[in-house]
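Taken in order, these protein sequences are the chains called H and D. Take the first sequence: its position 284, counted from the start at 1, is 284 in this note's numbering, and no numbers get skipped. Take the second sequence: its position 215, counted from the start at 1, is 215 in this note's numbering, and no numbers get skipped.
If you're looking for bench data, these hints aren't it; they were derived computationally from the structure. A couple of the hints might just be wrong.
[Said to hold, decoys possible] Straight-line C-alpha distance at most 27 Å; calculated DSSO-like pairs for lysine-lysine:
1. D/Lys121 - H/Lys124
2. H/Lys400 - H/Lys417
3. H/Lys124 - D/Lys128
[Stated by the list, open to error] DEER-style ranges, computed between Cβ atoms:
4. H/Leu65 - D/Ala143: 30 to 38 Å
5. D/Val226 - H/Trp168: 49 to 57 Å
6. D/Ala205 - H/Arg46: 38 to 46 Å
7. D/Trp329 - H/Phe172: 14 to 22 Å
[Unchecked claim] Here are some chain D residues the structure puts well away from chain H; computed CB gaps all over 10 Å:
8. Val86
9. Val97
10. Ile136
11. Leu142
12. His160
13. Arg167
14. Arg206
15. Phe236
16. Leu247
The C-beta atom is built at its ideal place from N, Cα and C for all residues, glycine as well.
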Amino acid sequence: MDYPIWNLAFGGGVLIGIVAIAHVLVSHFAIGGGFAIAVVETLAVRRNDRAWRDLAKRSSLVLILVSTVFGAISGVGIWVTIGLVQPAATSALIHNYVWGWAAEWGFFILEVVMALLYYATWDKVRPRTHLLIIWLYVFAAFMSLVIIQGILSFMLTPGRWLVTRSFWHGIFNPTYIPGLALRTGICLFLAGAYLTLAALRERDREARARMVRLLAAFQVIGALLAYGGYRWWEAALPGSVKALFAGAQPIITALATTRHFALWALTTYLVLALFSLVAPRAQRWPVATLALLAAFAFFGGYERLREGSRKPFVIRDFMFSNGILVSEVADLNQRGVLAKAGWAALENDGTPVGKGRAVFRAQCSSCHTVDHYLSIRAIISPVDRDMLGSILGTLRDEGKEYVSGRYAHEGHIATEKLDYPYMPPLVGTDDEVAALTDYLMSLKPAKVAEVSHAR
Amino acid sequence: MPANLLPALDPAPLPGPPWLFHVLWLLTFLIHLLFMNAVLGGTLLAAFAGPRSGGRDTKLLLVEINSWAISLAVTFGIAPLLFVQVLFGRFFYTATVLVAWAWLSLVVLLTLAYYLNYIAKFRLRAGKGASVLLTIEAVLFLAIAAIQVAVNLLHLQPGHWQAVASRVWAALADPAFIPRYLHFVLGAVTMAAALLAWLAVRRAARGGDETSCRAMARYGVRTALVATIVQLADGFWLLLALPEDVLRSFMRGGALALAPLASGIAATVVLLVVLAQITDPVQQGGRVRRVAELIVAATLFMVITRHALRALYLEPARASEQAAVAPQWDVFALFLAVFLVCVGLTVYALVRAAKDRPAAGETAA
Numbered sequence: 001m002d003y004p005i006w007n008l009a010f011g012g013g014v015l016i017g018i019v020a021i022a023h024v025l026v027s028h029f030a031i032g033g034g035f036a037i038a039v040v041e042t043l044a045v046r047r048n049d050r051a052w053r054d055l056a057k058r059s060s061l062v063l064i065l066v067s068t069v070f071g072a073i074s075g076v077g078i079w080v081t082i083g084l085v086q087p088a089a090t091s092a093l094i095h096n097y098v099w100g101w102a103a104e105w106g107f108f109i110l111e112v113v114m115a116l117l118y119y120a121t122w123d124k125v126r127p128r129t130h131l132l133i134i135w136l137y138v139f140a141a142f143m144s145l146v147i148i149q150g151i152l153s154f155m156l157t158p159g160r161w162l163v164t165r166s167f168w169h170g171i172f173n174p175t176y177i178p179g180l181a182l183r184t185g186i187c188l189f190l191a192g193a194y195l196t197l198a199a200l201r202e203r204d205r206e207a208r209a210r211m212v213r214l215l216a217a218f219q220v221i222g223a224l225l226a227y228g229g230y231r232w233w234e235a236a237l238p239g240s241v242k243a244l245f246a247g248a249q250p251i252i253t254a255l256a257t258t259r260h261f262a263l264w265a266l267t268t269y270l271v272l273a274l275f276s277l278v279a280p281r282a283q284r285w286p287v288a289t290l291a292l293l294a295a296f297a298f299f300g301g302y303e304r305l306r307e308g309s310r311k312p313f314v315i316r317d318f319m320f321s322n323g324i325l326v327s328e329v330a331d332l333n334q335r336g337v338l339a340k341a342g343w344a345a346l347e348n349d350g351t352p353v354g355k356g357r358a359v360f361r362a363q364c365s366s367c368h369t370v371d372h373y374l375s376i377r378a379i380i381s382p383v384d385r386d387m388l389g390s391i392l393g394t395l396r397d398e399g400k401e402y403v404s405g406r407y408a409h410e411g412h413i414a415t416e417k418l419d420y421p422y423m424p425p426l427v428g429t430d431d432e433v434a435a436l437t438d439y440l441m442s443l444k445p446a447k448v449a450e451v452s453h454a455r
Numbered sequence: 001m002p003a004n005l006l007p008a009l010d011p012a013p014l015p016g017p018p019w020l021f022h023v024l025w026l027l028t029f030l031i032h033l034l035f036m037n038a039v040l041g042g043t044l045l046a047a048f049a050g051p052r053s054g055g056r057d058t059k060l061l062l063v064e065i066n067s068w069a070i071s072l073a074v075t076f077g078i079a080p081l082l083f084v085q086v087l088f089g090r091f092f093y094t095a096t097v098l099v100a101w102a103w104l105s106l107v108v109l110l111t112l113a114y115y116l117n118y119i120a121k122f123r124l125r126a127g128k129g130a131s132v133l134l135t136i137e138a139v140l141f142l143a144i145a146a147i148q149v150a151v152n153l154l155h156l157q158p159g160h161w162q163a164v165a166s167r168v169w170a171a172l173a174d175p176a177f178i179p180r181y182l183h184f185v186l187g188a189v190t191m192a193a194a195l196l197a198w199l200a201v202r203r204a205a206r207g208g209d210e211t212s213c214r215a216m217a218r219y220g221v222r223t224a225l226v227a228t229i230v231q232l233a234d235g236f237w238l239l240l241a242l243p244e245d246v247l248r249s250f251m252r253g254g255a256l257a258l259a260p261l262a263s264g265i266a267a268t269v270v271l272l273v274v275l276a277q278i279t280d281p282v283q284q285g286g287r288v289r290r291v292a293e294l295i296v297a298a299t300l301f302m303v304i305t306r307h308a309l310r311a312l313y314l315e316p317a318r319a320s321e322q323a324a325v326a327p328q329w330d331v332f333a334l335f336l337a338v339f340l341v342c343v344g345l346t347v348y349a350l351v352r353a354a355k356d357r358p359a360a361g362e363t364a365a
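Could you put the whole structure together from the sequences, leaning on the hints where they help?
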């Protein structure tokens, strides 16, 4: 809220989602792929098997191009994107976890250099040295996941950190281990799915069947681990988070649909992986491609679910998705939101509508645009002034619930008991709320406004 | 500028004393800059290498260096990016949001440039041409450098923010933009050219084709000489283009503040003299190596100078800043241990890979 707001027609959250999903697909493949290649080359050396060696070599170029190029740059892309869309949240994370990220960076140096070295030393060094390089790569890649999982899961379930502000309590939060198990499974099944496609290029039928069966084992173990991790993750979520997408009447139906979609994708993947395990000779590229797509679908679905279920927060129970801290609600109600949101206040031309536009910019525009993504004009078009006043009044009252702690226990807020459980509360003075009402009413299409008025 | 356009300080305390972040920032930025120079300068040299400059051999060597250097430049860019956010996050985020599309485009430009480098490498290895690809790659890296320079200048000057919020191109209107941009590009070309010359000399000493190595080394030395002459002039232009109050504070800073700049200028002058003395680089390998050392020294002094200037630029805006500090020493120790172990393992693996060769009759991996 303190920062200038980047106006994106398709929504900042969508941009973060696109960059994040592209990055996590690649980065998890880089971990699982490295492990699978290490296993394949180890078998090749032990059995003196040329076909296994060729599979490892063939796959290693993709690992380089994907891991050190796209993985590394899209990782920076995440930083760039969250810094642009959620600067306050990024700053909060940096202040708490900079040493964690720095440690991950240490592993990343090892990971990148080993990936480049592994590819560059084919046909040059002895097999033992080559194996050492790829296993070092695997170690570094997995350790970077061990660290980053703590920060990712913290945002949804900060746990005891809310009370202690301890780095370790934040990292080892309630969904840390379940999420790590889930992500480890994802790494394995992504690698199994991709390397199966690479193995199908092998001309020797016997060798091909052997490879497909081994990779199917990766797929099956990965899928089962991911499923178990997912269920464990769900079980570890606070009730108010689960209420958004699970249960008899989920609060956000789109997230509930995503959950079903993701679980069906995982089931499809598991069936295809079992087929590959049982009948490796019958495996063909369309089936392997379908399995890869199912793997992407599950992972993308899970990430969408994890991001979406943070609503109305960006860091659960600490900072709302518009950058306002839970701890500053009372102060902003007294001082006014525009006293703090200097950039948004520039849009205040002194008229009530101008002031309302500035309030909208400060509090709503991190999720809503006027005419495009989550268009506020479309949302308020069927609403008249009285109803709008009632909605905004409720949203403002809910801010007091966050402050009073009526629904809070050990820092955790039971948002499902609120009327708008996925919306941040409205904060600001009475004057600002009235100005926001004027601004929103000014957005209504003239025709609809007249009809409502006539009613 | 209205006072409340400057975002409030993050309420969380700094997880370590500021001096520690400054030291780590300087160290990691220096390493990032060395790799970045190799990438930017190397791509430009590869794009312009003609038959008299070693032609295909020069291009191939430079793109092969780049396929490592781009990754390492990105990797070593992560740490300074972390530390700038810890210390100056509110300035940095605001500047990036004001030029959001350009800042986001860095990611796309970098990905394209990296993949172009790989395509160029495979084409050159296959005996095909890659001049057009390398020219596009060079343009992409030049654009990335321009965006970085613009954002850096913008985060230093909150007084410019409102103008840029109204018209994004105003970010390029800063009087220091062109000399600062040139300063980075010329520095990159000089370093990459010296690196090329040094590698050519080493290759010749190990029995490489002498004609080709000599052409490469001469191309490197000649380019480094010209770039350094222009750099000296541009350095003074940059100094004079600094805002008056910053320049005045800098000059009044005393010997301690001016020592890094003076050392950097001295290293550059010596560099110029050494470069001018090289007539046949293949025969004067020691001098070529001295050139590389002087460039690293000059870069180190300039990085320190740049950091000192940043403090002066931001002095008025940070006058009332009082950041709380709550060090996380246990986590810092973890970072340090991880960093040392990982760097140790990296060096061990690199050395082992460089020395380990299969004996006669033994199979390679």
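For each hint, the structure was consulted:
Of the supplied pair hints, the one linking lysine 121 of chain D and lysine 124 of chain H holds, its CA atoms being roughly 19 Å apart against a limit of 27 Å. Between lysine 400 of chain H and lysine 417 of chain H, the direct Cα distance comes to roughly 13 Å. Compliance with the 27 Å bound is thereby established for this hinted pair. Between lysine 124 of chain H and lysine 128 of chain D, the direct Cα distance comes to roughly 25 Å. Compliance with the 27 Å bound is thereby established for this hinted pair. Under the hint 30 to 38 Å, the C-beta atoms of leucine 65 of chain H and alanine 143 of chain D, about 22 Å apart, miss the expected range.
Between valine 226 of chain D and tryptophan 168 of chain H, the C-beta spacing of about 55 Å keeps the proposed range 49 to 57 Å intact. Against the hinted window of 38 to 46 Å, the Cβ-Cβ separation of alanine 205 of chain D and arginine 46 of chain H comes to about 41 Å, which satisfies the hint. Tryptophan 329 of chain D and phenylalanine 172 of chain H have their C-beta atoms about 18 Å apart, which keeps the hinted 14 to 22 Å range intact. With a closest Cβ-Cβ approach of about 5 Å to chain H, valine 86 of chain D is found to fall inside the 10 Å limit, against its non-interface label.
Not every CB of chain H is more than 10 Å from the CB of valine 97 of chain D (nearest about 5 Å), against its label as outside the interface. Residue placement check: isoleucine 136 of chain D keeps its beta carbon more than 10 Å from all beta carbons of chain H (closest about 17 Å). Residue placement check: leucine 142 of chain D keeps its beta carbon more than 10 Å from all beta carbons of chain H (closest about 18 Å). Look at histidine 160 of chain D: its CB is around 13 Å from the nearest CB on chain H, clear of 10 Å, so calling it non-interface holds up.
Non-interface status of arginine 167 of chain D relative to chain H is upheld: no Cβ of that chain comes within 10 Å, the nearest being about 14 Å off. The beta carbon of arginine 206 of chain D is kept farther than 10 Å from every beta carbon of chain H, the shortest such distance being approximately 16 Å. In this structure phenylalanine 236 of chain D is separated from chain H by more than 10 Å, as the shortest Cβ-Cβ distance comes to about 34 Å. With a least CB separation of 29 Å from chain H, leucine 247 of chain D remains clear of the 10 Å interface cut-off, as annotated.
This entry does not satisfy hints 4, 8, 9, going by the numbered hints stated previously.
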